[in-house]
Amino acid sequence: MANLRLENVTKRFGPITAVKALNLEIRDGEFFSILGPPGAGKTTTLRLIVGLEKPDEGTVYIDGEPANEIHPGKRDIAMVFQNLALYPDKTVFDNMAYPLRERKLPKDEIERLVQATAKSLYIDHLLKRKPAKLSGGERQRVAIGRAMVRKPKAYLLDEPLANLDALLRLEMRVELKRLQGELGQTLVYVTHDQVEAMSMADRIAVLNKGVLQQCDTPEAVYNFPANRFVATTIGSPPTNFVTADVRPHGDNLLLAHSVFALAVEGGRHPARAALESAAAGQALPEKVLIGFRPEDVRVSTSQANGCNVPAQVSVVEPLGGETVVDLRMGGDLVKAVVPPTQRLEERRHVWLNFDPERVHLFDARTGQRVYTTGQGEPFACLEAVH
Amino acid sequence: MYQTRPWQKVLRYFTIIIVSIMFFFPTYWMITMSFKPKGEWNSAAGTIYWVPQNPTLDNYKTVLTEYRGQFFRANQSSALPSIRSSIVVSIGGTLFALLIGTLAAYGISRHSTDTGDLPWYIAVGRLGLLVLVMLPFIVLWARLGILATWYGILTFTIIGIVADQIIGRVLGKYYKGAVGSLSFSILQLRMFPPMAILIPVMIMWSTFRLIDTWYGLVIVYGVVTFPFVVWLMKSFFDDIPKELDEAAVVDGSSNWRAFFKVVLPLAKGGLASTALFVFILNWSDFLVALLLTSRNWGTIPVFLNKLVSSEIGAQHGPKAALGLLAVIPPVVFGLLIQQYLVRGLTFGAIKK
Ligand SMILES: Nc1ncnc2c1ncn2[C@@H]1O[C@H](COP(=O)(O)OP(=O)(O)OP(=O)(O)O)[C@@H](O)[C@H]1O
Ligand SMILES: [Mg+2]
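Read top to bottom, the protein sequences are chains E and H. Heads up: the first sequence begins at 1 in this note's numbering, then just goes up one per residue. Heads up: the second sequence begins at 1 in this note's numbering, then just goes up one per residue.
No wet-lab data here; the hints were simulated from the structure. Just to be clear, a hint being listed does not mean it is correct.
Pair by pair, the computed Cβ-Cβ distance ranges are [what the hints assert, rightly or not]: (1) E/T366 - H/L99: 31 to 39 Å; (2) E/D108 - H/Y175: 31 to 39 Å; (3) H/L99 - E/Y122: 40 to 48 Å; (4) H/L99 - E/E109: 31 to 39 Å; (5) H/I197 - E/A21: 30 to 38 Å; (6) H/F260 - E/K74: 16 to 24 Å.
Idealized CB from N, CA, C, for every residue including glycine.
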């Protein structure tokens, strides 16, 4: 069991800053996921934790001890590399025995541990083969086995399921979750697949361009994304964004889009305070981004109660379990997820009806989230003339 | 396939035949010559002996045994010492170059921050600057009379290395490339033909009493072939994913053990071909051995050159015999390591 902590860690490669002033704490026994697009600095973060890279600034703590100067082999942390890095000239057995042999364990002990680990991963019939003669999923298991066999304090897995086919990925996902539950060890899981992160992790750190965007539980990251990047990364299809003008209207504020407007009613509405503080000062920002998830939008052919926004169907993508609809709303393209039973033809005029409890406001310049209706008072909805 | 006209076919076969003759006739001539008795060596009498008329093993006996008399007025000994010398210095030089070159190549492959090859004008410019900077020192050292003493050579070398590094740094300010890096210095070594360094080496070697010793030759062979080893082995190491040694390090190996237990076994094919290449270079060297040996450690090429008698001129028969014998070691070596001369050992290490 290990507690891993990065304090203000920066890593540069020449002109590139791969990781920038990163603060992370990974708790004992936690299934922790690092999520980000290619080049976000995910691998670099793992390499910093295991000690293959030295931070240019900041400190890595393992169980509260500063570890910057500790050799990777002495950190008792196992890593499964993005490309697996199996020793190609050694058999599966020798691959898995390698860390034990480096620890000078007696022969029969090595034999016993490798056999036991191989059995728990269902690869005990492959021990005599070389990696080249294994399937992708089997190699994956061998790499995980090589990490498990020495019972380390913590596991670092770098996109372990990338490059596996979809079905196998699903299977391995469940199995990894099971393994982690059994081992009860700290596990850091790097992925660029938000579904993997959401479905497996206790907490998720979202990384972009070396900068930590948000670090929280899957629910929190989904429901209260810290900024536009997180809102786009988490959830599929991504959150819709439309730009609205901020107009004072007597005591009220109008967030006016070309085809609809949200009214922030009363001078004491918390959204007003939030917008004011985001604009740094008393002045209100001129524009604001309104964000809402495709799942929170209903599409109907007649007006319903609540906020009705006119739109036109652009593309319909049936996915089987659900249907994703691209809609033209004023000048913006937005997506909605509707039940597969709902029939919608392209170019049809419809009404969008979104959940007023689940609307986010984002700062138009910085992309930071400033207000979420779910947390406070909702908005009134005004339909624009068109 | 495109259409081949008859005359094209004729031309093609004609070319093949001509080239084949150019390549194989000398070999044929050498083989037959080695079995010809003295009388058939020359066509002075007007006859050309296309095949030996009276095949004999005398030529082999001549080069392999202590033989005085008929051919050799002078106290000419057999070729055996030169064969021994060739084997010792070629293998020694190869091992020396492999030892330091492989380690250097690994270091460069894994730790160099080089972004790519230098443009030639930067490389040549750096070398030229070094020569300019060092010229006054040569004059000064000569004035002081320490140019050919061990401490003179030592101080001169140290100043040279320091100057080289300073030049590298200064150039590095203007050219954001690999200037000042280790691999550049090795590239620079490659730019010297052995001839260019041999005269100074002769002076140094006689000062250090390394002339006509096996280790004197081993050092020169090692240094001359070192850049080849570095550049060949670097390309082999570059093909091995660095995650493999990193995995070993994370698994508890020291950096040295990761190299010897994980990386080197994967590079043994490359190591074998590099060894063969360097061995052949050393084995066929004439110039270095000619200048740095005298009585005791002359190699086969040097001995071949001396196979001349005042009475009948060049000893063609023994020369051919020894030449044929000299082909054997590289061929045997090549056959022995043939199984390692394969690439693709790293298949299966990483997912594609
Ligand atoms: N050894 C290195 N030398 C130079 N640049 C590097 C090095 N390692 C990483 N980088 C750069 O640092 C940035 C972060 O790289 P990193 O490998 O951590 O990204 P990643 O999030 O793992 O991406 P991916 O999803 O593609 O694996 C990238 O821009 C990359 O080019
Ligand atoms: Mg990566």
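Whether the CB-CB distance between E/T366 and H/L99 falls inside 31 to 39 Å
violated, 59 Å
For H/F260 and E/K74, compare the CB-CB distance with the range 16 to 24 Å and indicate the outcome.
Given range 16 to 24 Å: holds, Cβ gap about 19 Å.
Between the beta carbons of H/L99 and E/Y122, is the distance compatible with 40 to 48 Å?
holds, 45 Å
Are H/I197 and E/A21 spaced within 30 to 38 Å by their CB atoms?
Distance hint for H/I197, E/A21 is violated at roughly 52 Å.
Within 31 to 39 Å: is that where the Cβ-Cβ distance between E/D108 and H/Y175 falls?
Check failed, 60 Å falls outside 31 to 39 Å.
Beta-carbon spacing of H/L99 to E/E109 - inside the hinted bounds 31 to 39 Å or not:
holds, 36 Å
In this structure, the earlier hints numbered 1, 2 and 5 are contradicted, and the remaining ones agree with it.
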